[in-house]
Every structure is written in C-alpha cells, then in structure tokens.
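Protein chains in written order, with our numbering: chain A, 1 to 210; chain B, 1001 to 1210; chain C, 2001 to 2199.
Keep in mind the hints are simulated off the structure, nothing from the lab.
Mixed in with the good hints, there may be bad ones.
[Unchecked claim] Pair ranges (Cβ atoms, derived): (1) 2053(C) to 1069(B): 43 to 53 Å; (2) 158(A) to 1151(B): 51 to 61 Å; (3) 1120(B) to 2070(C): 18 to 28 Å; (4) 1030(B) to 135(A): 28 to 38 Å; (5) 2063(C) to 1050(B): 14 to 24 Å; (6) 1059(B) to 2078(C): 56 to 66 Å.
[Said to hold, decoys possible] Counterexamples of contact, computed for chain B against chain C with all Cβ distances above 10 Å: (7) 1025; (8) 1088; (9) 1100; (10) 1102; (11) 1114.
Being a predicted model, the structure only gives us computed values, none of them experimental.
All residues carry an ideal CB built from backbone N, CA and C; glycine is no exception.
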Amino acid sequence: SIQIPKERLPPEKPTIIKCRSPEKETFTCWWKPASDSTNHTLLYSKEGEEKVYECPDYKTAGPNSCYFDKKHTSFWTIYNITVRATNEMGSNVSDPHYVDVTYIVQPDPPVNITLELRKSIKRKPYLVLTWSPPPLADVRSGWLTLEYELRLKPEEGEEWEVQYQIWQFWPILKIKVICNSFLHADYAYSGCMSSNNSVCFLDFRVKDMV
Amino acid sequence: SIQIPKERLPPEKPTIIKCRSPEKETFTCWWKPASDSTNHTLLYSKEGEEKVYECPDYKTAGPNSCYFDKKHTSFWTIYNITVRATNEMGSNVSDPHYVDVTYIVQPDPPVNITLELRKSIKRKPYLVLTWSPPPLADVRSGWLTLEYELRLKPEEGEEWEVQYQIWQFWPILKIKVICNSFLHADYAYSGCMSSNNSVCFLDFRVKDMV
Amino acid sequence: LPICPNGSVNCQLSLEELFDRAVKLSHYIHFLSSEMFNEFDERYAQGRGFIAKAVNSCHTASLTTPEDKEQAQQIHHEDLLNLILGVLRSWNDPLIHLASEVQRIKEAPETILWKAVEIEEQNKRLLEGMEKIVGRVHSGEVGNDIYTPWDGLPSLQLADEDSRLFAFYNLLHCLRRDSHKIDNYLKVLKCRLIHDNNC
Chain A
1 SIQIPKERLP PEKPTIIKCR SPEKETFTCW WKPASDSTNH TLLYSKEGEE
51 KVYECPDYKT AGPNSCYFDK KHTSFWTIYN ITVRATNEMG SNVSDPHYVD
101 VTYIVQPDPP VNITLELRKS IKRKPYLVLT WSPPPLADVR SGWLTLEYEL
151 RLKPEEGEEW EVQYQIWQFW PILKIKVICN SFLHADYAYS GCMSSNNSVC
201 FLDFRVKDMV
Chain B
1001 SIQIPKERLP PEKPTIIKCR SPEKETFTCW WKPASDSTNH TLLYSKEGEE
1051 KVYECPDYKT AGPNSCYFDK KHTSFWTIYN ITVRATNEMG SNVSDPHYVD
1101 VTYIVQPDPP VNITLELRKS IKRKPYLVLT WSPPPLADVR SGWLTLEYEL
1151 RLKPEEGEEW EVQYQIWQFW PILKIKVICN SFLHADYAYS GCMSSNNSVC
1201 FLDFRVKDMV
Chain C
2001 LPICPNGSVN CQLSLEELFD RAVKLSHYIH FLSSEMFNEF DERYAQGRGF
2051 IAKAVNSCHT ASLTTPEDKE QAQQIHHEDL LNLILGVLRS WNDPLIHLAS
2101 EVQRIKEAPE TILWKAVEIE EQNKRLLEGM EKIVGRVHSG EVGNDIYTPW
2151 DGLPSLQLAD EDSRLFAFYN LLHCLRRDSH KIDNYLKVLK CRLIHDNNC
C-alpha cells in the first residue's frame, strides 16, 4: 500500500475547547490546535448577519486563543464561531461553537482571603473571614452581581460541604463556634473547630448571578 | 398698649407636610392647617403649563388633604403645589411644594403572609414564607415593580437584620433551619430556632424600585 | 440550556431573552442615574432652589411620551419602542460630555465620576439592544427619525459656579427622569408582549 507521508495530508479538524467571560464585558475563546497545521484562523458571525469577521486579537490571551475586547463583545447576540486549521495541503474547519456572552460568565476567584480567630465579649471564640471580590469584576456598580459560596472540608475529608451562599454582602463572615456544646451560626457555620482542633480548609466558589 | 384681638389678624402660613402615592396611579397631599384660618385652598400648576388648578377632591383622603385621582395624576412632570389659608382678615400662602409623583411612591405593605414549617426529602426542616403584593399595586402590567426585603429579629432583640432582598420573584422564600445542630440558610437565615425555640418575628419592608 | 441545539439554522436569542436583558439594563441605568442625582443634589444643590428652575427644561421635553399608566398601555407597542429609541439616542451626546465635564466639578467625588462613565457605556449598550428588539418587532426599517438635539455643553462650562452647577443639576434631573421613563416603558412592554399583561 502506498504510504502518503503524514505532512502531505490536510490538517485534522481543530476543536474549540471553551469560551469564557470573566466580567461580562469581554470574552476569550480557546481551541485545541490541529496537530499537523501551520496556522489557525478564528472566524465568527453574529446571529442574523451574513457578514463573517476574523478574530480581533490573537495575542492578549496567549496561544491558540482569541480575545474579544469590549468593542467586539455584544450582549445581544449569539456568536457562531469556527476555527480553521491550514497547511500546504489544505485546511479543515472546526464544528461551529455558539456563544451567548451572558451564559459564559465565570468570574475570577476572590482575593485577599483572611481568617482570624477572635473572642466575643462573652469570651466565646469565633472566626472572622474576609475576602475581596476578584479585581476584574466591577461589583461596586452592580453590573456584575456575585454570589460567594463558603465551602468547608475537614483536613482528612474529601467532600467539600457548601456552608453558606452570601449574596454580595460586603465580604465579611462571622462564624461563631462553641466547641463541643452548641454550634450556632450568626451567618454561617464552621464545623472545623471540633474537639481535636483539626485544621479547616476554606474554599471559595464564585458564581455570577446571571 | 392696644391689644388687637387674635382673630383680627390674617392667618399664619400653612405648611404642606407630605405627598404620597401608594400605587403610582394616584396621590395625596396633606398640610398642617394655619391655626387661625377659616378655610384652606390647595392650588397647583403643572410643569410646562401656565394654568393654575384647584384641588380636585378635598374629601376622599380626610381633613387637610387633597386627593388626586388617576385623571389628575401625571408622571415625570413637576407639580408646583401651594396651600392658601384664609380668614376674614386676609390670607396667607404656604411655600411652594414641588412634587414629581414618580418619586413619592410609597407602597402599602404586602398581605396574606404565611409561614409554614416543612420537611425536606432528607428530613431537614425548613420554613416556607409566602405573601402577596399590596392589593392596590398593579405589578402584573409592569407599571409598578416592587422589591421585597425580608428582615428578621430574635424575640428579645431590638435590631431588625435585613436578610435578603427579593426583586419581584413570585413571593416565596425557603429558609432551611436545622435545630440545635447546624443552622444553614438557603436563601436567608433564620436565627430564631435556637435551643429554646424562641419565636421569630418576620417583618417586611417594601420599597418601590424607583 | 444548550445554545443552538444541533446547530439549528436560525439560532438566535428569543425576544423574551432580549427583553429580559433590556429590562435588567434599563433598571440598572436608572438605579445609577438616581444615585448620581441624589449624590449631586446632596452635595451641591442644597438650599439653592434648583428644582424650581429645572421645571420644563429637559432637552427631551418636546417628545410626547405617555404620562400615566393608561397612556402607556394604550399606545401601540411599535410607537412606544420608537419613543424609547428616540429618548436613548437623544442621550448619547449629552452623556459623552457629562462623563468628561463632570471631572471638572470642584471635588467631584469618585462615586459621581465613575457613574457618569458607566451610564454612558451602558446607555450605548442598551441602545444596541433596543435596535435589535425593534428590528425583531418592526416589520419595516428601524425608524431613525425620533431624536432631540442637545445644546447644553456651553452651560456645563460656564464660569459662574452657580449657573454651572445648575446646568449639571438640570442634566442629572432630566437623566434620572428619562432613564425612569425608559425603564418603566420597557417593563410595561415586556409584560404586554412577552407575558400577555400577566407578569
């Protein structure tokens, strides 16, 4: 059988992996490059329009990506996005990837998380947890409403347990813990300070309230 | 010194106390009468018009008030309102009171509030709170948008704590409460079910979303 | 919610989805406009009697818009949509200048500054959305005829502080009023066209 050298074939079909908007103002798409291609071109059209546009910025978000700045990001339309891989033998186009910016918002994690053990007036210990919203997210204006989710897990445990969803309150959480007697939460519960004082892992998942 | 009997003087200046619209369709103004006057007349003019009108209805809203029904109520326009007090010696006119009905909407409280304790599938108890919009408010047509605010206060406490603001969701709220072990809130927190099962006062404040 | 399941040809946002986003945006713009007006009023307008002078002085006053619930419910939805577009367009120019001129107000607080910029940006975004909605609802071409020019820039730059502050007061008063009109009309239209008046 005649063996056609690998590079003499047109490239395989590239695949668009993911598109994400960190703050509902811009978005980025990434693709998995076709292995045997010399270059890739991202093309997109907007619903109801024939016109096809090319990716406005291949650089900002790194290799195999396309960054859509504010000017190129519309909140009112569905994007039909494809990626074309090309080599000297021809090209191949990915399946279309449809994007509605409202539904690809995935905020960055919160920052500056601090945890402090304090004593109340009645000498009861409690933890004060503070954090700041992700820098990129303009939460002060209300355009992006974040919901924080406090999740706790004992050191040796596997499962993260959602303790509380805080809706955009100024990120401070008082967790009143009375060991071994009655656990009562002002805002949320921290089950960590059990009798053997196991360390408590605090993890945050942030969701945009679309 | 010659004493002029009190009633021989013209009346003092009356003052307009307040204007309020309960459902953004009609409105009422109240004034503090001048003590020594025989009667009061409310006069008003509307933005962009020279014409001066008299109060259409002095009766419906009780003494020292003027009720403007739908026909006499316009939005996004400034009313210039004055009240004139008169007695046989003369009259005196209040300072002008400028009103845009759009910004004096103060809805009536919600009605039919019910609170029910239920058990989830995992046998965890939770409270279900339901209520109805104030009857006068036409929220169905979209003309008036209400925001509900759930506030909680432990029985002996003084301070109402705003737990959650609900924007026009169909008025139902699930509050998950697990007595004596772990308190956790899905939507809002009810700190009442403490060890001695003290009663929890649920109070509502309703704001028009102006 | 799979977007465009199996790549259906006319894959587009539903009118309901467009109205949902428009109402969220109009609500947000009015909220910012009210906050900005209240902050300015508290800081610069107390005791100056500006409200009396602000009567009948909005540049959009010449647009005949519904003034109560009955009028808003009786007007044809295409006419109301065109009115909304007209009011939004009429604010493009003043918002551009407001965002730059407000920086020159003495000790203008940061909260007023960024709101002016944010409102200008979101107003453009809402205008884009409204043109999309009108394009969907209107059978014909999107009418560009409703528009009222704004000639208030010189008054924002007056040397006399009282006159200049009144010019800002009046612009913010009119912005709060018109953004509320747009928000209210959109909510009424959404309930009418999407929820058959049963929101």
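Against the structure, the hints come out as follows:
About 30 Å separates the C-beta atoms of residue 2053(C) and residue 1069(B), a value inconsistent with the hinted range of 43 to 53 Å. Residue 158(A) and residue 1151(B) have their C-beta atoms about 39 Å apart, which leaves the hinted 51 to 61 Å range violated. A beta carbon spacing of about 46 Å between residue 1120(B) and residue 2070(C) contradicts the range 18 to 28 Å that was offered as a hint. For the pair residue 1030(B) and residue 135(A), the beta carbons lie near 50 Å from each other, so the given range of 28 to 38 Å is not met.
For residue 2063(C) and residue 1050(B), the hinted distance range of 14 to 24 Å is satisfied, since their beta carbons lie about 21 Å from each other. For the hinted restraint 56 to 66 Å between residue 1059(B) and residue 2078(C), the CB-CB distance of approximately 42 Å leaves it violated. A beta-carbon of chain C comes within 10 Å of the beta-carbon of residue 1025(B); the shortest separation is about 6 Å. Separation of residue 1088(B) from chain C is adequate, the least Cβ-Cβ distance of about 32 Å exceeding the 10 Å criterion.
The non-interface label for residue 1100(B) is inconsistent with chain C: the shortest C-beta to C-beta separation is roughly 7 Å, within 10 Å. Not every beta carbon of chain C lies more than 10 Å from that of residue 1102(B), the smallest distance being close to 6 Å; the non-interface claim is violated. Look at residue 1114(B): its CB is around 22 Å from the nearest CB on chain C, clear of 10 Å, so calling it non-interface holds up.
The structure shown violates the earlier hints numbered 1, 2, 3, 4, 6, 7, 9, 10.
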